[in-house]
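Colleague: Assemble the whole structure, with the sequences as input and the hints as a guide.
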Amino acid sequence: MPSAGEPLIVDEAWGAHLPFHPGLPTWAMDAGADVCVTSVHKMGSALEQTSVFHLQGDLVDPVVLKSREDLLGTTSPSVLLYAALDGWRRQMVEHGAEIYDRALALAASVRERINALDGFHVHGRDDFCGPGRAADMDPLQVIVDISALSTTGYHAADWLRAQHGVNLHVSDHRRISAQLTHADDEGTAAVLVAALVDLARHNGELPAGPAVDVPSPEGLTLEQQLLPRDAFFGPTEQVSAARAEGRIAAEMLTPYPPGIPAALPGERLNQDVLEYLRSGVKAGMVVPDAVDPRVESVRVVIEH
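Heads up: the sequence shown at position 14 corresponds to 14 in the UniProt record's numbering, and the numbers run straight through without jumps.
It should be emphasised that the hints constitute simulated quantities derived from the structure, not laboratory data. Note that the structure is a prediction, hence the values are computed from the model and not measured. Hints may be right or wrong, so weigh each one.
To be verified - Here are the simulated EDC-like pairs of lysine to aspartate or glutamate, each with C-alpha atoms no more than 16 Å apart in a straight line:
hint : residue 1 : residue 2
1    : Lys-282   : Asp-213
2    : Lys-42    : Glu-69
3    : Lys-282   : Asp-158
4    : Lys-282   : Glu-296
5    : Lys-42    : Asp-138
6    : Lys-282   : Asp-292
7    : Lys-66    : Asp-30
8    : Lys-42    : Asp-184
Modeller: Structure, rendered in structure tokens:
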């Protein structure tokens with residue numbers, strides 16, 4: 001939590017649905033946030049690009065917040081996007097509890113069915129929540145550990161898309177994640193479960209990906225040497241990954257998932273992070289913001 005007098009700002013991109021049912025994790029504003037930012041097009045019903053600020057308390061001046069938003073927002077907003085936001089708001093106020101009664105019941109059923117399959121473990125609160133870990137988890141995010149199979153989450157996701165037209169939310173070297181929403185029903189759930197049954201049946205035919213060198217939390221902690229702006233706009237060069245250890249990054253390197261930067265401009269790169277990114281890319285990880293998406297080379301600061 002922030003110190004007294006400092007605002008708590010929460011990125012709640014995947015939490016548009018949280019205020020509307022007690023069976024979902026606590027909404028950031030109910031947990032005491034001063035500001036939270038929500039992408040309604042993710043877990044809500046609005047169109048792409050519809051995001052909102054929620055503001056409470058007196059630590060953040062609404063006039064100042066609006067002026068900052070004006071620096072980045074368009075001067076030609078779409079009425080369609082505003083209408084979609086308002087339609088979602090009305091839908092949730094009038095029918096949100098009923099809608100998420102159904103969604104949560106479906107999610108519980110899907111989780112149980114997948115967990116019963118050989119080679120699949122559906123993560124639950126026992127895996128992610130508790131002292132020193134998360135306070136709660138969203139049951140609509142069906143995260144499945146498939147490390148008991150002979151393949152990776154990356155290859156499994158590709159196979160499910162090619163063979164069954166099932167597009168998963170995200171995948172990594174050992175997990176796949178299916179995201180359920182209030183728009184899903186037994187029909188879409190049955191397609192997902194049947195595809196996973198078939199995946200288990202064809203397990204031996206899928207390639208076994210290389211191991212990913214996941215560092216310890218300490219290994220992922222890089223020292224900030226320069227301000228991000230100074231590193232990004234200063235003199236830079238592209239060097240091979242083998243020569244990047246000890247150099248200051250001049251670009252952001254963000255593996256997906258989880259979508260959290262492993263390195264930011266101005267941070268000094270270490271071998272742990274470089275090996276994590278290189279081994280991850282070989283296994284199927286995506287690093288979309290790198291100048292070299294294969295991370296065979298890295299943009300670094302020219303130090304004098």
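Colleague: Regarding the pair Lys-42 and Asp-138, is the alpha-carbon distance no greater than 16 Å?
Modeller: 14 Å, holds
Colleague: Between Lys-282 and Asp-213, is the straight-line Cα distance small enough, at 16 Å or below?
Modeller: Given pair Lys-282, Asp-213 holds - Cα atoms ~11 Å apart, limit 16 Å.
Colleague: Sort out whether Glu-296 lies within 16 Å of Lys-282, counting only the CA atoms.
Modeller: Holds, because 10 Å separates the two Cα atoms, which is no more than 16 Å.
Colleague: When you check the alpha-carbon spacing of Lys-66 and Asp-30, does it fall within 16 Å?
Modeller: Judged against 16 Å, a Cα distance of about 22 Å means the pair is violated.
Colleague: Please verify whether Lys-282 and Asp-158 have alpha carbons no more than 16 Å apart.
Modeller: 15 Å, holds
Colleague: Measure nothing beyond the straight line between the CA atoms of Lys-42 and Asp-184; if it is 16 Å or shorter, mark the hint as holding.
Modeller: 14 Å, holds
Colleague: Check the hint pairing Lys-42 with Glu-69 against an upper bound of 16 Å on the C-alpha distance.
Modeller: 21 Å, violated
Colleague: Keeping to a limit of 16 Å between CA atoms, is the pair of Lys-282 and Asp-292 held or broken?
Modeller: 13 Å, holds
Violated hints for the displayed structure, listed by number in ascending order: 2, 7.
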